[in-house]
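Peer 1: Chains A and B supply the protein sequences, listed in that same order. Note that the first sequence ends on residue 196 in the numbering used here; no numbers are left out. Note that the second sequence ends on residue 252 in the numbering used here; no numbers are left out.
These aren't lab readings, by the way, just hints derived from the structure by calculation. If you're wondering where the values come from, they're calculated on a predicted model, not measured in any experiment.
Computed Cβ-Cβ distance ranges for the label pairs, DEER-style:
1. B/P75 x A/A45: 34 to 44 Å
2. B/S18 x A/V58: 27 to 37 Å
3. A/P158 x B/P75: 56 to 66 Å
4. A/A45 x B/G60: 20 to 30 Å
Listed next, the stretches of chain B that the computed footprint assigns to chain A, with coverage defined by at least 3 CB atoms under 8 Å from CB atoms of chain A:
5. 22-33
6. 47-53
7. 113-122
8. 201-210
Glycine included, each C-beta is placed from N, C-alpha and C at the ideal position.
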Amino acid sequence: MEPVMSTPDPQQLVPTAGQTIGPFYGFALPYERGHELVPPGTPGAVRLHGTVLDGAGVPVPDAMLEIRQADPSGNVPAVEGSLRRDGTVFTGWGRCAVDPGGRYSFTTVEPGATDEGSAPFFAVTVFARGLLNRLFTRAYLPGEERLEGDRLLSGLEPERRGTLVASREDDGSLRFDVRLQGEGETVFLAFPRHGR
Amino acid sequence: MDTQAAISGEIDGIHRDSDVEETQPRLDFAPYRSSVLRHPTKDLHHADPEGVELVAPVFGHSDVDPLEADLTLQPGGEPIGERIRVVGRVLDGDGRPVRGQLVEVWQANAAGRYIHKRDQHHAPLDPHFTGVGRCLTGDDGSYSFTTIKPGPYPWRNHENAWRPAHIHFSLFGSEFTQRMVTQMYFPGDPLFPLDPILQAVTQQSARDRLVARYDHEVSEHEWLLGLRWDIVLTGTHATWMEPSDGAGDEHA
Chain A
1 MEPVMSTPDP QQLVPTAGQT IGPFYGFALP YERGHELVPP GTPGAVRLHG
51 TVLDGAGVPV PDAMLEIRQA DPSGNVPAVE GSLRRDGTVF TGWGRCAVDP
101 GGRYSFTTVE PGATDEGSAP FFAVTVFARG LLNRLFTRAY LPGEERLEGD
151 RLLSGLEPER RGTLVASRED DGSLRFDVRL QGEGETVFLA FPRHGR
Chain B
1 MDTQAAISGE IDGIHRDSDV EETQPRLDFA PYRSSVLRHP TKDLHHADPE
51 GVELVAPVFG HSDVDPLEAD LTLQPGGEPI GERIRVVGRV LDGDGRPVRG
101 QLVEVWQANA AGRYIHKRDQ HHAPLDPHFT GVGRCLTGDD GSYSFTTIKP
151 GPYPWRNHEN AWRPAHIHFS LFGSEFTQRM VTQMYFPGDP LFPLDPILQA
201 VTQQSARDRL VARYDHEVSE HEWLLGLRWD IVLTGTHATW MEPSDGAGDE
251 HA
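Okay, chain B solo, but in the shape it has when bound (with noise of 0.2 Å):
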């Protein structure tokens, strides 16, 4: 197994060469091993979206309960943990908000594990916690999860390899090209500069972007830490004019 300075080393050498636009991760990022044989090595092909991807998919009442966006509510007890609420907004590239739309998040227990029959890492799992949540953003785009805070987790991606904690998301538009599935991060964790997949975002501005950040209005006296992150899917074409000077071109 690689050694984390060997995997350091190669993210540094990656970063050298990378440049200021690049807002997205690379999809060859060796240093994430498992990347390797699964990322394409064509460009990929640049196309006009057409009919169905214009139009996401709509997700209404009948699919989410509002019960789904508290991860502590649990039959039976409540789960380990230092309780936290996840408040943001999901909005598009031209800064509206993305409205009534689906939010769905999964993360680990206290301890680092997963419910995941695969996680085999050896920490208790909460008979009290799934870790599963979804809700529906409101009008302002807005959306809130009552959960505990993840710890991180080792992974085999090389020697003594640790995830920093995070929570996943899973996000929609109003364009079904506007899909996304990312992971937010807690702030201040020293683990961000060891991880591959955290680092495969090559800049640091746009790193940053997927760091919750301590928000004190959110916290409640005597229950819960507040944490706020907002998601910025990428912009729609529906209304949307390709700018004829080129002034447009770092968008495309």
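Pulled out of the complex, with its shape left as it was, chain A reads as follows (with noise of 0.2 Å):
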């Protein structure tokens, strides 16, 4: 590993490039029931689903997204078991690789939210062939009074703020849609220490 001599802190590395994920992780990442962070069927389960679409509006076939929440109660956690699961541990994270429509689908719990005065939100990344570096973004669970003094939706113009609220669905589910470019664009998300 090279020396960093331009930075103050000699501690301080320089993080490593991301790369895109390619065509060819299916048969790798996605595994059995690593969309299900509950059973199907479990008491309070809802559905969180969407559609990945490119900057011209067509979906995406081969993108895959991450999840991480808290449960119910506002609690992040922290246990193994999300590689394996045995159906009894709530493990907070999940994976699901979209279908050859663009579509994906989480069976989860709504979260509570972890702090005071911030609104509920589930933690998502995405990946995909032709997007070269992960994306993060969060989407908000919908009809939240909190969604008002949000500190992340406030500082956001107006009209893009409600890229990153789910919608409640007639069934009951939660929908969010990706769209990595163009009209509705998904805000993304950079945090500090990211670099360029």
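Two chains, two frames, a set of hints: combine them into the complex.
Peer 2: Following this line, the structure appears as structure tokens:
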């Protein structure tokens, strides 16, 4: 590893560059029940689903999403068991590759807020062929009073806020589409220390 | 289809306008044709991580079998190819080891063919190789995979386009914000300058960090060749204070 001479703190290393997930992760990363954070039929279970779209509005058939979330009371689980789900442990993490129509679907529970004054959300990571690095975003729960005062949402142009709020479907499920580019482009996030 | 010369010309033009502070790939990198409609056009929104974003998922021994780190262990026989071991450490942006965390890898076989059903490359499948592995890092952040060297393979980005041999890596840190997926390359590959995916990382120093080095200490007598590749994730936030004098701007 090359020494980082230009930074004042010698402990700070330059992050390794990301690269696209490519087209051929399908035999490697998705796994059985990866998208089922709780077993279907669990009391309080909800479906979080949507479509990943490109700049022409065409579904992206080779994208993968991961979500990280709190439990309904706002606690963030830090327990193993995501890769071999036994149906008894809520790990708060899941992975779903989209289908040929660009659609994904998680079965989970609605997260509670982790901080007083902030609105509850799913943290979302998006990967795809053609996407050179992962993207971070958030899917907020709809109909929450706390959306108004949320720190992140209130810092966005009003017309873009909606891209981060899931919608409630007639069947009670949550719909959250990801638009990589163009009209209604989803707000994607950079965190401090991410470099560029 | 575009020629390699046309693609290389585009790459050169973008590199001339890049700057040394760029350590991550451009999302908007037209020489990689699939990126044209799949990159955000608006700047990423700078946000402070909150709550769940500060806690990575946890994986443990109930999730990963140690045997999954040896991709050459296959029922019925051994894969064809140059047997290698890839070792290294996963560190965070402050140089601290990432302990007990999941590392996932996937790759083509020695002929440059993936078992994925959408891979139509006219090269043989290997009945004894799936090209998928997992492990958990040790207390020092170390990982180790035994596998065979993947072959380069053609793709349809442009006329006579070939990907340099690579292994895909999927990584987690201690925070959700550190999630990353990347590719490890092999030293001395003549395809590097021709490849728009690697060249989307515009700085030579940053590209060099994606290339493993040969490590004779890892090689084993009459058995395999060793490669070493360390991975640095982004910095964590839990105990990090933004520098007040602006010295940290380059990391923002």
